[in-house]
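There are 2 protein chains.
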Amino acid sequence: MKLSLNTATVRKQWTLAQIIDGCARHQITGISPWRDQVEQMGLAQAKSAIQANGLTVTGLCRGGFFTAPDWHDDNRRALEEAHELGAQCLVLVVGGLPKGSKDLRGARQQVRDAIAALLPEARAAKVPLAIEPLHPMQAAERACINTLEQALDACDELGEGIGVAVDVYHVWWDPKLEQQIARAGRKKRLYAYHICDWLVPTRDLLNDRGMMGDGVIDLPLIRSWVEGAGYTGFQEVEIFSELDWWKRDPDEVLKTCVERAARC
Amino acid sequence: MKLSLNTATVRKQWTLAQIIDGCARHQITGISPWRDQVEQMGLAQAKSAIQANGLTVTGLCRGGFFTAPDWHDDNRRALEEAHELGAQCLVLVVGGLPKGSKDLRGARQQVRDAIAALLPEARAAKVPLAIEPLHPMQAAERACINTLEQALDACDELGEGIGVAVDVYHVWWDPKLEQQIARAGRKKRLYAYHICDWLVPTRDLLNDRGMMGDGVIDLPLIRSWVEGAGYTGFQEVEIFSELDWWKRDPDEVLKTCVERAARC
Numbered sequence: 001m002k003l004s005l006n007t008a009t010v011r012k013q014w015t016l017a018q019i020i021d022g023c024a025r026h027q028i029t030g031i032s033p034w035r036d037q038v039e040q041m042g043l044a045q046a047k048s049a050i051q052a053n054g055l056t057v058t059g060l061c062r063g064g065f066f067t068a069p070d071w072h073d074d075n076r077r078a079l080e081e082a083h084e085l086g087a088q089c090l091v092l093v094v095g096g097l098p099k100g101s102k103d104l105r106g107a108r109q110q111v112r113d114a115i116a117a118l119l120p121e122a123r124a125a126k127v128p129l130a131i132e133p134l135h136p137m138q139a140a141e142r143a144c145i146n147t148l149e150q151a152l153d154a155c156d157e158l159g160e161g162i163g164v165a166v167d168v169y170h171v172w173w174d175p176k177l178e179q180q181i182a183r184a185g186r187k188k189r190l191y192a193y194h195i196c197d198w199l200v201p202t203r204d205l206l207n208d209r210g211m212m213g214d215g216v217i218d219l220p221l222i223r224s225w226v227e228g229a230g231y232t233g234f235q236e237v238e239i240f241s242e243l244d245w246w247k248r249d250p251d252e253v254l255k256t257c258v259e260r261a262a263r264c
Numbered sequence: 001m002k003l004s005l006n007t008a009t010v011r012k013q014w015t016l017a018q019i020i021d022g023c024a025r026h027q028i029t030g031i032s033p034w035r036d037q038v039e040q041m042g043l044a045q046a047k048s049a050i051q052a053n054g055l056t057v058t059g060l061c062r063g064g065f066f067t068a069p070d071w072h073d074d075n076r077r078a079l080e081e082a083h084e085l086g087a088q089c090l091v092l093v094v095g096g097l098p099k100g101s102k103d104l105r106g107a108r109q110q111v112r113d114a115i116a117a118l119l120p121e122a123r124a125a126k127v128p129l130a131i132e133p134l135h136p137m138q139a140a141e142r143a144c145i146n147t148l149e150q151a152l153d154a155c156d157e158l159g160e161g162i163g164v165a166v167d168v169y170h171v172w173w174d175p176k177l178e179q180q181i182a183r184a185g186r187k188k189r190l191y192a193y194h195i196c197d198w199l200v201p202t203r204d205l206l207n208d209r210g211m212m213g214d215g216v217i218d219l220p221l222i223r224s225w226v227e228g229a230g231y232t233g234f235q236e237v238e239i240f241s242e243l244d245w246w247k248r249d250p251d252e253v254l255k256t257c258v259e260r261a262a263r264c
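Line by line, the protein sequences give chains W and X. What the first sequence shows, in our numbering, is residues 1 to 264, in sequence order. What the second sequence shows, in our numbering, is residues 1 to 264, in sequence order.
One or more of the hints may lead you astray.
Since the list can't tell identical chains apart, any single copy or any two copies may satisfy a pair.
Derived pair list, reagent style DMTMM-like, types lysine to aspartate or glutamate, alpha-carbon separation capped at 20 Å [stated by the list, open to error]:
| hint | residue 1 | residue 2 |
| --- | --- | --- |
| 1 | Lys176 | Asp21 |
| 2 | Lys255 | Glu227 |
| 3 | Lys176 | Asp156 |
| 4 | Lys47 | Asp218 |
| 5 | Lys188 | Asp74 |
| 6 | Lys47 | Asp214 |
| 7 | Lys126 | Glu149 |
| 8 | Lys255 | Glu160 |
| 9 | Lys176 | Asp153 |
| 10 | Lys126 | Asp249 |
| 11 | Lys12 | Asp218 |
| 12 | Lys47 | Asp208 |
| 13 | Lys99 | Asp70 |
| 14 | Lys126 | Asp21 |
| 15 | Lys47 | Asp204 |
| 16 | Lys176 | Glu149 |
The hints are simulated quantities; they were obtained by calculation from the structure and are not laboratory data. Since the structure is predicted, the reported quantities are computational estimates derived from the model, not experimental observations.
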């Protein structure tokens, strides 16, 4: 599988311009930038540097947070940016419970309604929307879509132009993972595949992801399911690591990503 | 619902003898002790003090860890203790990945095989076994059964004498929770109901549970599902809280449990 770098992996060390150069230097041919980094660099400059280096934009991170009051404006801008960058998808982190709320079912309905409203605009912009189910430990704060089955059920309701981003960190534990990856493939809804590892112990609920091979996820197995489902895209490395990788020399990080990805 | 105290809630402050007295003082009529505390007090003394105070033993914590080499001896002892104490069930925390392993499917098979081997002994001892699905964030280290659906699928394979312990902390996020609680009720497999709360933010993956009302779980809603499924047992408070409740005066903790449980 070709390798893409989610720019969060070295966001503490490098600007987007430096990351694009780093990808070229390490023969990483895909990139998935975060919007704050694109904004900082300037959309036109980012687009031109990415094109100049022949990088495929495997996703734009991120749209979503549909339970926030300003979700529509923000997601419209995200769509424009994704369109401009030629991103293969706009990754959706759908949002958790509204502040002060305990109504999880209500939040989920709100998310489905918002995506239904956004989807015609996404189709018009030719930007596929990729729901990323997030680990259940992030249900309250970041995303109330927490399993691949739940995400695919939502896709089935919503129709064309919407699929999923499968990030092993969020779904590796799921007893229905193989079955649901196969379902995503059958429905042509497998838009992105993100890799990293689950560390034992995990010291933080958000920013303690591991480098591939340092944790307990059977990455070759999950990759075989993803390939078996017909996915021919990139595998995208995305590591949030306050305690380790964000403190290292970013060239060492990218070198390690390339080496490890070759084995998973 | 009647209230039971899982003794982990004040385990840092009190011995089991003190906890039993505390339950009596606070009109808490159920108790669910941990085996290390029972051993420290002595099984006969624990049994006699629990009976003298008229407490119902809503569960014994815990059997399981079926992926460890000595699982069978340890679980036999747990069954004897549960039988002796007249526990309504032996709670099973089934165990995670064996050390060094990434074979989650294998671990799950190992767990099912071990329970199948233990079950005839449990039936003979008249001790119902209650699988407690644990939060997916504990899949690697503590339990590879992570959803109620997965636990109930295992129960269906295993037959009579095995059910589930539903702990809101582990399952509150699950989009299929209502459906699977109803299923557990229909199959007469709902053996225990544990309450606490999910804090935002959660600062530790194991020991940062909240007191009912301090987090984001809609406890009255889940209770309504549990009661709607025909459950007539106790609600059992179980709070692991290194940073807060384990540091407080235990009489204050029990008083707060009683007040809060009345509203959930």
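- Task: State whether the alpha carbon distance between Lys47 and Asp204 is at most 20 Å within one copy, between copies, both, or neither.
- Result: Close neither inside one copy (34 Å) nor across copies (40 Å); limit 20 Å.
- Message: At most 20 Å between alpha carbons: which applies to Lys176 and Asp153, within, between, both or neither?
- Response: both (14 Å within a copy, 12 Å between copies)
- Between copies, within a copy, both or neither: which fits Lys126 and Glu149 at Cα up to 20 Å? Neither. Shortest intra-copy (25 Å) and inter-copy (37 Å) distances fail the 20 Å Cα cut-off.
- Can you tell me if Lys47 and Asp208 fall within 20 Å by alpha carbon in one copy, between copies, both or neither? neither (30 Å within a copy, 44 Å between copies)
- Task: Give the relationship of Lys255 and Glu160 under a CA distance limit of 20 Å: within one copy only, between copies only, both, or neither.
- Result: neither (38 Å within a copy, 54 Å between copies)
- Give the relationship of Lys255 and Glu227 under a CA distance limit of 20 Å: within one copy only, between copies only, both, or neither. neither (24 Å within a copy, 56 Å between copies)
- At most 20 Å between C-alpha atoms: does Lys47 with Asp218 qualify within a copy, between copies, both, or neither? neither (35 Å within a copy, 45 Å between copies)
- First find the shortest C-alpha distance between Lys12 and Asp218 inside one copy, then the shortest across copies, and answer within, between, both or neither for a cut-off of 20 Å. Answer is neither: 28 Å inside a copy and 37 Å across each miss the 20 Å cutoff.
- Item | Identical-chain pair category, Lys47 with Asp214, by Cα at 20 Å | neither (34 Å within a copy, 46 Å between copies)
- Item | Same-copy or cross-copy closeness of Lys176 to Glu149 [CA-CA at most 20 Å] | both (8 Å within a copy, 10 Å between copies)
- Task: Give the relationship of Lys99 and Asp70 under a CA distance limit of 20 Å: within one copy only, between copies only, both, or neither.
- Result: within (14 Å within a copy, 46 Å between copies)
- Task: Indicate which option fits the pair Lys176, Asp156 if close means a Cα-Cα distance not exceeding 20 Å: within, between, both or neither.
- Result: both (17 Å within a copy, 17 Å between copies)
Checked against the numbered hints listed earlier, the structure breaks hints 1, 2, 4, 5, 6, 7, 8, 10, 11, 12, 14 and 15; every other hint is satisfied.
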